[in-house]
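2 protein chains.
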Amino acid sequence: MSNTAKIQAHNVTIMRDEHLLAKAENLKPVLRKSEVLPNRLVEVRSDSESIHGWNVFEIGSAADLSNTKLGKSDSVIVDFGDHRVGYLSFAVSPVGSPPDAPLKLKLTFGEMPVEVAEPFSSYNGWISSSWLQEELMFIDVLPAKIELPRRYSFRYLKIEVLDTSPKYRVVFDSLSCHTVTSADRSSLQSLKHQEPEMEALDRVSIRTLEDCMQDVFEDGPKRDRRLWLGDLRLQALANYETFKSNNLVKRCLYLFAGLPDEHGRVSANLFIEPKLIADDTYLYDYSLLFTVTLCDYWEATGDQETLQDLWPTARRQIELALENVEDGLVQDRDSWWSFIDWHEDLNKQAPSQGVLIYTLKRAVRLANAIGGEEGKNCSDLWNKEIRFTENAAMENLWDENLEFFVSGEARQLSWASQIWMVLAEVLPEEQNRKLLLQLIEEKTLIGMTTPYLYHYLTEALLVAGLREEAITLIRSYWGGMIRDGADTFWELYDPHNKSYSPYGSNLINSYCHAWSCTPTYLIRKYGL
Amino acid sequence: MSNTAKIQAHNVTIMRDEHLLAKAENLKPVLRKSEVLPNRLVEVRSDSESIHGWNVFEIGSAADLSNTKLGKSDSVIVDFGDHRVGYLSFAVSPVGSPPDAPLKLKLTFGEMPVEVAEPFSSYNGWISSSWLQEELMFIDVLPAKIELPRRYSFRYLKIEVLDTSPKYRVVFDSLSCHTVTSADRSSLQSLKHQEPEMEALDRVSIRTLEDCMQDVFEDGPKRDRRLWLGDLRLQALANYETFKSNNLVKRCLYLFAGLPDEHGRVSANLFIEPKLIADDTYLYDYSLLFTVTLCDYWEATGDQETLQDLWPTARRQIELALENVEDGLVQDRDSWWSFIDWHEDLNKQAPSQGVLIYTLKRAVRLANAIGGEEGKNCSDLWNKEIRFTENAAMENLWDENLEFFVSGEARQLSWASQIWMVLAEVLPEEQNRKLLLQLIEEKTLIGMTTPYLYHYLTEALLVAGLREEAITLIRSYWGGMIRDGADTFWELYDPHNKSYSPYGSNLINSYCHAWSCTPTYLIRKYGL
Chain L
1 MSNTAKIQAH NVTIMRDEHL LAKAENLKPV LRKSEVLPNR LVEVRSDSES IHGWNVFEIG
61 SAADLSNTKL GKSDSVIVDF GDHRVGYLSF AVSPVGSPPD APLKLKLTFG EMPVEVAEPF
121 SSYNGWISSS WLQEELMFID VLPAKIELPR RYSFRYLKIE VLDTSPKYRV VFDSLSCHTV
181 TSADRSSLQS LKHQEPEMEA LDRVSIRTLE DCMQDVFEDG PKRDRRLWLG DLRLQALANY
241 ETFKSNNLVK RCLYLFAGLP DEHGRVSANL FIEPKLIADD TYLYDYSLLF TVTLCDYWEA
301 TGDQETLQDL WPTARRQIEL ALENVEDGLV QDRDSWWSFI DWHEDLNKQA PSQGVLIYTL
361 KRAVRLANAI GGEEGKNCSD LWNKEIRFTE NAAMENLWDE NLEFFVSGEA RQLSWASQIW
421 MVLAEVLPEE QNRKLLLQLI EEKTLIGMTT PYLYHYLTEA LLVAGLREEA ITLIRSYWGG
481 MIRDGADTFW ELYDPHNKSY SPYGSNLINS YCHAWSCTPT YLIRKYGL
Chain S
1 MSNTAKIQAH NVTIMRDEHL LAKAENLKPV LRKSEVLPNR LVEVRSDSES IHGWNVFEIG
61 SAADLSNTKL GKSDSVIVDF GDHRVGYLSF AVSPVGSPPD APLKLKLTFG EMPVEVAEPF
121 SSYNGWISSS WLQEELMFID VLPAKIELPR RYSFRYLKIE VLDTSPKYRV VFDSLSCHTV
181 TSADRSSLQS LKHQEPEMEA LDRVSIRTLE DCMQDVFEDG PKRDRRLWLG DLRLQALANY
241 ETFKSNNLVK RCLYLFAGLP DEHGRVSANL FIEPKLIADD TYLYDYSLLF TVTLCDYWEA
301 TGDQETLQDL WPTARRQIEL ALENVEDGLV QDRDSWWSFI DWHEDLNKQA PSQGVLIYTL
361 KRAVRLANAI GGEEGKNCSD LWNKEIRFTE NAAMENLWDE NLEFFVSGEA RQLSWASQIW
421 MVLAEVLPEE QNRKLLLQLI EEKTLIGMTT PYLYHYLTEA LLVAGLREEA ITLIRSYWGG
481 MIRDGADTFW ELYDPHNKSY SPYGSNLINS YCHAWSCTPT YLIRKYGL
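So the protein sequences, as listed, match chains L and S. Numbered by the numbering used here, the letters in the first sequence go through residues 1 to 528 in order. Numbered by the numbering used here, the letters in the second sequence go through residues 1 to 528 in order.
If we strip away everything but chain L, and leave its shape as in the complex, we get:
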């Protein structure tokens, strides 16, 4: 996700816990490299039936590239066969007279066909155009072996020869991508499922996760290439079922815990390079997800040392969250902000109340694991808070007539509120089931825009025992992405508006995005 000025904190003092940060540093993974060669040469043609209006057609084999002489204004699109994250290298040689002018090249990298079909100059969205993956290159001496220093996230590479000279053309050869990931496929067990579609969903999830696993869990290798708490939580869940790179989860938790603000609050995201920096962005729900993620980690690993180290941070997030609670209710104020989903009009009170209760229940489990007087005190206190907040939710946010949770002063109805209240298990399972079935029927509520919230909807269905509905949702939503050409799952997908982008253009969306990688977790964890 990207952030807006709205959620930007000012005058925050970042503390550094060198002990925790040293542990994170020691857990830094080794990146695994593989060389991937291109599959074929393609054309991208306008096609109103295809996503974003573009479809891909094969026009030659990869081997044809080294027989293709390109002069001024010629171009070629190379398909690397699947989503890749890595470093590009190629050789380029002149054909004709000795090159009497530099070679001017433009390279455009696309995760999706739209990126190599529509000019980046058409982009006029509100987040930085610098995310669009392109290079303008001048090569003074030919032949040349080029190794580009930047990492790209792509399947398609468009090579445009902007200029040579009238005396020579060029040929490309030895094109390859050196992919990088810290995921280890050798520890991966393949899924055998009677439904090929479920196997495909699992496979695409795993590729998504793998391509986001770098020095840390990145949200997206194209954009923002950053460690976000909301993404981390879902990546960690998928990881326990697949790569089991538990040390990478541990590393990320230590990083967040090592850079709190002066109140002990963890940032929504961290920058890793050139040095570790906590972004000046704080999100109510994301901070709580630190505690949730630690609980998941502890339950997956039983790692007591990490629990001891990170418990103070986990506890502190609860304390800070409770400061925004009055009479058991998360206050609907401008002084805090939750992410919940990419939706301009979404009121965040009720879903945040759901996140708080959901987290409190996991915090109690952590407190019990900590034990002793401190653990018992916390457990007692938080159990009381659970009752307060549940009661306050039922009294203030539950609409008896509508049989939905409402949010904010305007008593807004949204999917997000129902989803998080179900996950928080405020109502008994039977009522949760009824609520969700009614939700699926009802079309007029404020809807969902991101796979992030779709994940929590799916898990809510499973929590409420609606297994078939969960499978149907996975098949229609993530399966829809695959039918629309996904090699990895996307940052954004609205089946009813496939050109949806909160940024003003499909060009800038991320098409390999961590928070979208959970079908493998859902399928494997719940045995779907």
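It is worth saying that the hints were derived from the structure and are not from the lab. Fair warning: there could be bad hints in the mix.
Said to hold, decoys possible - Calculated from the model, a selection of chain S residues having no Cβ within reach of chain L, i.e. all distances over 10 Å: (1) 18; (2) 61; (3) 64; (4) 66; (5) 101; (6) 119; (7) 176; (8) 262; (9) 271; (10) 371; (11) 388; (12) 401; (13) 431; (14) 494; (15) 528.
What the hints assert, rightly or not - Examples of chain L residues lying across from chain S (beta carbon under 8 Å, computed): (16) 101; (17) 102; (18) 131; (19) 140; (20) 165; (21) 276; (22) 280; (23) 299; (24) 303; (25) 305.
As the list claims (entries may be wrong) - Capping the alpha-carbon separation at 25 Å, the derived lysine to aspartate or glutamate pairs in DMTMM-like fashion look like this: (26) L/275 with S/140; (27) S/72 with L/135; (28) S/72 with L/134; (29) L/106 with S/118; (30) S/145 with L/215; (31) L/106 with S/134; (32) L/361 with L/385; (33) L/145 with S/134; (34) S/72 with L/118; (35) S/275 with L/140; (36) L/106 with L/43; (37) L/384 with L/296; (38) L/434 with L/380; (39) L/158 with S/134; (40) L/275 with S/147.
Computed from a prediction, not measured in an experiment: that's the story for all the values here. Ideal Cβ placement from N, Cα and C applies to all residues, glycine included.
For this one, chain L is given, so just place chain S on it according to the hints.
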């Protein structure tokens, strides 16, 4: 100069004389590096009184740069105070929140204000747009220290911040240019002249020469960055009066002699990187200038070993040139091409006849220096050829009524024909003087476009004893460039059409060009 398809040879076999090439390799100079800091910040504003319609105004000191915060769409123009050839480096740091998107930068390098004022996208000329000096850069991690790997030729640097993100801006610092040249200023004697203008002409000539002196004598450090024989000859003349880097002249002569075609003809120019290549371009006058340049070199140095080594090549150029002569006349055919000047309509016969006679006279001097039987035979033969060709010129090319030399079947009248016939000293000095004075009066002849031919006009005036006219010409022509803002002398300058470019745009002209560096030679050699 650049070449056209017209002058491109096909199916030429290049021979390699490893003995000569090894000697050239041993003479490879060490490049001297200096760090140059920017002078000031400027704006370039439209001004119909200024060359190309652009004038430069100071808007701040160089120190102001590190206080200038640049966000999306901001730009700044840095003035490095004089013409520079070298490598750019800078530091760039973020201001504001941690950079949450890459920095997208555009750098534009200009020898002249027009290059940083008019967009390169407006260029639509016939030579490659890849010569336009620009870079598009994406900087993923900030702060960053950037060292650009390419060499640039410039005075002005335009830095455009194409995008950051709404959360941060950037500041540039430690901007510097590491200049490179193989010229050694320590061996330079400064000119003391009672006329400041003559000192300025000398200084700008020397800077032009210095910036073209790299691994070889380049024609222009912006374009074509290549060793051309016509430029070399004039650079060598200027060099003997200034830097006295005689080994660099020697190296270039060995390079040309080491890569003849199968007939022994030297190419018009050589590529040095990635390996030594003779371009498939052959020019009648340039090949002859090899012999002339060797004669100049020998007379400047008395270097007998080089004379012995390169004599066969020098002699061979004469023999090949004489193959195009019938009844004493250079044939006006399409099978050969002379450069002479950048002029579409210029007939090359008479000026080439002049170049031939001029060269024969120097070849005789070389033959006399070689001595022995071979030297005597050549001397006798070429003296005979001088008489034949001079007589043929007078009989066929001299128009008694017009009192001008004519060229080609259409009996074209041009400055070039008169200039080269005067330099060839076909007429007695008194008649040469009369011819040139009449030429200056007469406006209707095919004129001149390049400083290259202006040089030969100036030297023709001096050969004919028209010293004051030569001084007036230097002051009006090269002095005109200085008055129009030249830091180094230009590839092209037409005082009557200051926006002249044979390439279709002022943007692509070279504004530091070897063939324009000769005022220092003319002033110092002739004591002007």
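Comparing the hints with the structure gives:
For residue 18 of chain S, the non-interface assignment is confirmed: its Cβ lies about 20 Å from the closest Cβ of chain L, beyond the 10 Å cut-off. Under the 10 Å C-beta cut-off, the non-interface status given to residue 61 of chain S relative to chain L holds; the minimum distance is some 29 Å. Listed as outside the interface, residue 64 of chain S is consistent with that label: its C-beta sits roughly 25 Å from the nearest C-beta of chain L, beyond the 10 Å cut-off. The non-interface label for residue 66 of chain S is consistent with chain L: the shortest C-beta to C-beta separation is roughly 19 Å, beyond 10 Å.
Separation of residue 101 of chain S from chain L is inadequate, the least Cβ-Cβ distance of about 4 Å not exceeding the 10 Å criterion. Listed as a non-interface residue, residue 119 of chain S keeps its Cβ farther than 10 Å from every Cβ of chain L; the least gap is roughly 13 Å. For residue 176 of chain S, the shortest C-beta to C-beta distance to chain L comes to about 21 Å, beyond the 10 Å cut-off, and the non-interface label holds. With a cut of 10 Å on Cβ distances, residue 262 of chain S stays outside the contact zone with chain L, its closest approach being about 17 Å.
Against chain L, the non-interface label of residue 271 of chain S is violated: not every CB pair exceeds 10 Å, the least being about 5 Å. For residue 371 of chain S, the condition that its CB be more than 10 Å from all CB atoms of chain L holds, with the nearest at approximately 39 Å. Every Cβ of chain L is farther than 10 Å from the Cβ of residue 388 of chain S; the closest lies at roughly 36 Å, confirming the non-interface assignment. Every Cβ of chain L is farther than 10 Å from the Cβ of residue 401 of chain S; the closest lies at roughly 43 Å, confirming the non-interface assignment.
Every beta carbon of chain L lies more than 10 Å from that of residue 431 of chain S, the smallest distance being close to 42 Å; the non-interface claim holds. For residue 494 of chain S, the condition that its CB be more than 10 Å from all CB atoms of chain L holds, with the nearest at approximately 24 Å. Every beta carbon of chain L lies more than 10 Å from that of residue 528 of chain S, the smallest distance being close to 36 Å; the non-interface claim holds. A least Cβ separation of about 4 Å between residue 101 of chain L and chain S falls short of the 8 Å threshold, and the interface hint therefore holds.
Interface restraint check: residue 102 of chain L against chain S, minimum CB-CB distance 4 Å, threshold 8 Å, status holds. A least Cβ separation of about 6 Å between residue 131 of chain L and chain S falls short of the 8 Å threshold, and the interface hint therefore holds. Evaluation of the residue 140 of chain L hint against chain S yields a held restraint, the C-beta minimum of about 6 Å falling below 8 Å. Satisfaction of the interface hint for residue 165 of chain L is found here, the shortest Cβ-Cβ separation to chain S being roughly 4 Å, below the 8 Å cut-off.
Using the Cβ-Cβ criterion of 8 Å, the hint placing residue 276 of chain L at the interface with chain S is not satisfied: the shortest such distance is roughly 10 Å. For residue 280 of chain L, the shortest C-beta to C-beta distance to chain S is roughly 5 Å, which falls under 8 Å, so the interface hint holds. For residue 299 of chain L, the interface hint is violated, since its Cβ never comes within 8 Å of a Cβ in chain S; the closest pair sits about 33 Å apart. Residue-level restraint check for residue 303 of chain L is violated (minimum Cβ-Cβ distance to chain S is 30 Å; threshold 8 Å).
Because the beta carbon of residue 305 of chain L sits about 31 Å from the nearest beta carbon in chain S, more than 8 Å, this interface hint is broken. Restraint check for residue 275 of chain L and residue 140 of chain S: the C-alpha separation of about 13 Å stays at or below 25 Å, so the hint holds. Note on residue 72 of chain S and residue 135 of chain L: the hinted pairing holds, with a Cα-Cα distance of about 19 Å set against a maximum of 25 Å. For the hint pairing residue 72 of chain S with residue 134 of chain L, the CA-to-CA distance comes to about 18 Å; that is within 25 Å, so the pair holds.
As the CA atoms of residue 106 of chain L and residue 118 of chain S are separated by approximately 21 Å, the hinted pair is consistent with the 25 Å bound. Among the hinted pairs, residue 145 of chain S with residue 215 of chain L is consistent with the structure: their alpha-carbon atoms are about 22 Å apart, no more than 25 Å. Only pairs whose Cα atoms come within 25 Å are accepted, and residue 106 of chain L paired with residue 134 of chain S is accepted, the gap being roughly 13 Å. Between residue 361 of chain L and residue 385 of chain L the CA atoms are separated by roughly 10 Å; this keeps the pair inside 25 Å, and the hint holds.
Taken as a hint, the residue 145 of chain L and residue 134 of chain S pair is honoured in the structure, with Cα atoms around 21 Å apart against an allowance of 25 Å. For the given pair, residue 72 of chain S sits about 22 Å from residue 118 of chain L by alpha-carbon distance, which is consistent with the 25 Å threshold. Taking the CA atoms of residue 275 of chain S and residue 140 of chain L, the gap is near 13 Å; set against the 25 Å cutoff, the hint holds. Taking the CA atoms of residue 106 of chain L and residue 43 of chain L, the gap is near 17 Å; set against the 25 Å cutoff, the hint holds.
Taking the CA atoms of residue 384 of chain L and residue 296 of chain L, the gap is near 22 Å; set against the 25 Å cutoff, the hint holds. Of the pairs offered as hints, the one joining residue 434 of chain L and residue 380 of chain L is violated, with about 31 Å between alpha carbons and a cut-off of 25 Å exceeded. Of the supplied pair hints, the one linking residue 158 of chain L and residue 134 of chain S holds, its CA atoms being roughly 21 Å apart against a limit of 25 Å. Taken as a hint, the residue 275 of chain L and residue 147 of chain S pair is honoured in the structure, with Cα atoms around 21 Å apart against an allowance of 25 Å.
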